[in-house]
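*Asks:* From first to last, the protein sequence lines stand for chains P and U. Quick note on numbering: the first sequence equals residues 215 to 601 in my numbering. Quick note on numbering: the second sequence equals residues 75 to 400 in my numbering.
Just so you know, the hints here were simulated from the structure itself, not pulled from any lab data. C-beta atoms are modelled at their ideal positions from N, C-alpha and C, and glycine is treated no differently. Be a bit skeptical, because a hint or two may be false.
Pairwise CB distance ranges (calculated) [claimed, not checked]:
hint, chain 1, residue 1, chain 2, residue 2, range
1, P, L243, U, A158, 53 to 59 Å
2, U, T293, P, Y395, 40 to 46 Å
3, P, E394, U, Q121, 53 to 59 Å
4, P, T401, U, T293, 37 to 43 Å
5, P, E493, U, A124, 41 to 47 Å
6, U, G294, P, S437, 37 to 43 Å
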Amino acid sequence: MAKLSFPVGPQHPALKEPENLRFTVDGELVIDADIRIGYVHRSIERSCSERNYVQDLYLCERVCGICSNAHTLCYCTAIEKLAEVEVPERAQYIRMMMHEFERIHSHMLWLGVAGHEVGFETLFMYVWRDREVVQDLLETVSGNRGHYAMTTLGGVRHDITPEMADKIREGMKIIRARAEYYAEIATTEATFLKRVVDVGLLSGERCRELGAVGPTLRGSGVSWDIRTVFPYLKYDQVEWQVRTSELCDVLGRTLVRVQEVIDACDIAVQALDMMPEGEIQAKFPRKVPEGEATARVEAQRGELIYYVRSDGSDVPARVKIRTPTLANLPAVLEMLKGGYIADIPITFASIDPCMSCTDRMVVLDDVRTGDSRQLTWPELVGLGQGR
Amino acid sequence: MQVVTPLFHVLVFPGFVFLVAFGLFASWVDRKLIAKFQNRVGPPIMQPLADLIKLLAKEDIIPEHADRAMFTAVPLVALAGVIASVVYVPMWSTTALSWFDGDLIVVLYMLTLPAFALFLGGWYSTNPFATIGATRVLSQLFGYEVPFLLACLGPAIAAGSWSISDITIAQGDGLWLISAAPLSFVVAMIALIGKLERVPFDIPQAKTEIVTGPEVEYTGRRLAIWKLTFLTETIVGAALISALFLGGPHLWGIPFAAMPTWLAGLVGMIVLIVKILLIVLFLSFAQAALARIRIEQMVQWCVVWLGIPALVNIGVIAFVIRQVGA
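So that you can see chain P by itself, here it is in the shape it has in the complex (with noise of 0.2 Å):
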């Protein structure tokens, strides 16, 4: 069969979200990959500069919809540096468990959605029947299913009561017994494994090459985890290691989110275990002092970076967001070169991408010389609003 020219999106259902990927197939084999991204781009950065911190809070929690959390906590991180204002012991216990709350949900979410991609629907069926089981304790600590605006400047928005405590720890009992049976599901069921197995393969060593974080990185064996890294909040207090697996797969990638979960539960149970009692917010001031920061956290899909500027007023200079599926996109584009089309949807999925997340705008003014420009608030909203 003659090579063919095969379109992934911005439409179609392997992608849960608008993107454009691009092969050159022969027969069933991809011989070429190319990305378009920047179809959902909502220009979240430039909108920071125009608000103040405490609405720029729940417009960060807004860059995504499963990994709310992490962005918050990495706002606020940014932020509480620059205003030199220490967080509440008790606060960033909660902070933590809301981080592994969040990293469950996110693992078991994308265990279902790689069960839909391979065809295996009952696997979906089950995982997300059994992630409303934190997705209730989310609800029962903050209020939210979804948006949590739990972790807000200097603390955390609500206490943790001995009721949810409780809550909790069965919870955490069921998610982690059902975590162990998808682990073991995912290395004995046949078909599932005839699907995960050597595929998308890269080695570690590229991986680090083109720069891949989070599960990507550790389910090729580099064990890299900001939490161990550049610990922040409690993780050098809480008994956990960092996992990896050396597969180099999409079964590796699997595992590691899985193992992660059970991991999750237990950092949670341990954070609720030394939580000292106490204030959970401290007072921040209006205004932040001029100068800048970055903050990073291990979110769900990898190492999120929020670097903010302040001039000294109650609205930041500048805040930009490196999100982990920017630094995936070249190891994945990798991956699936030389795999078959069939594979397209489950390697592609490996990385847990996250494309409204991930894309940026710049102008060019002139191609060749790279000369940009930074685009005007009302320009932004012209082009917003006119199409």
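On the provided structure of chain P, position chain U as indicated by the hints.
*Replies:* Relative to the frame of chain P, chain U by itself:
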């Protein structure tokens, strides 16, 4: 009457109307079972019919670059092939509407028509997803069709006839041919999954990969015809397997000979419907328990794990017949 009776058989019973009605019911059973396996509620009983009516009412689009004649004709050919084949498959008594020595081969051929039609439909719709799906249809055909044929030969050799009706009659004394050809039965059941393009062999459709493949450009009425083709093929395929291996409308302990013709027909019908639903249960279970595999894995696996057992079973049957005959 000479014209009306065959017309009634083809259009109403056991032809078009019956097959569609039973197909819709079996599809509901299938969806409900899968839903139960997956811990869901599942659709109400009229849902498959509602889906069908909705499709019939939808806009019908033919792609600009598609070959109009082929694109329009192939779904009809596929459906016609399946419905025509029911003439030779026993549906309520041990003999089908019509039969001759060799009708087994004709039925197998006509049940292959949907696959070829799907290939042509996909190929002529000139969509990259449909093109890749179309080539997968053909690749997959090599995987399941040969083992399916070999599996159907097992009971044919054991019964000493090439007619489905004869094979069913041969099981009338109570001994089902599944006892003579157990491997062939398993092979035929698995090959049927491939024929119906269901999980784990829904490779040509693969909605997360190639967006239902050859059917991607089909909309409205024409898509409804494709859906009907696979609904009816499920019934005919399952009826064929139960006629060859499970004694068709027979069941131990029911004295068909002592009953009036209409009662024997009714009871035979019910027995067959139950058998078909059991085969649907097997299909649903496979769909719930397995993931979709890749095309090259499928062909490789089928050649080894379906082809060889089917051949072994035929060899054993032929050997036994020779020993007994000599």
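*Asks:* Evaluate each hint against the coordinates.
*Replies:* Status of the hints after comparison with the structure:
Evaluation of the 53 to 59 Å hint for P:L243 and U:A158 yields a failure: the beta carbon distance comes to about 39 Å. At about 41 Å, the CB distance of U:T293 to P:Y395 agrees with the hint of 40 to 46 Å. The beta-carbon spacing between P:E394 and U:Q121, approximately 36 Å, falls outside the hinted interval of 53 to 59 Å. Judged by the Cβ atoms, the range 37 to 43 Å given for P:T401 and U:T293 holds: they are separated by roughly 42 Å.
The given range of 41 to 47 Å is broken by P:E493 and U:A124, whose C-beta atoms sit roughly 58 Å from each other. Between U:G294 and P:S437, the C-beta spacing of about 55 Å breaks the proposed range 37 to 43 Å.
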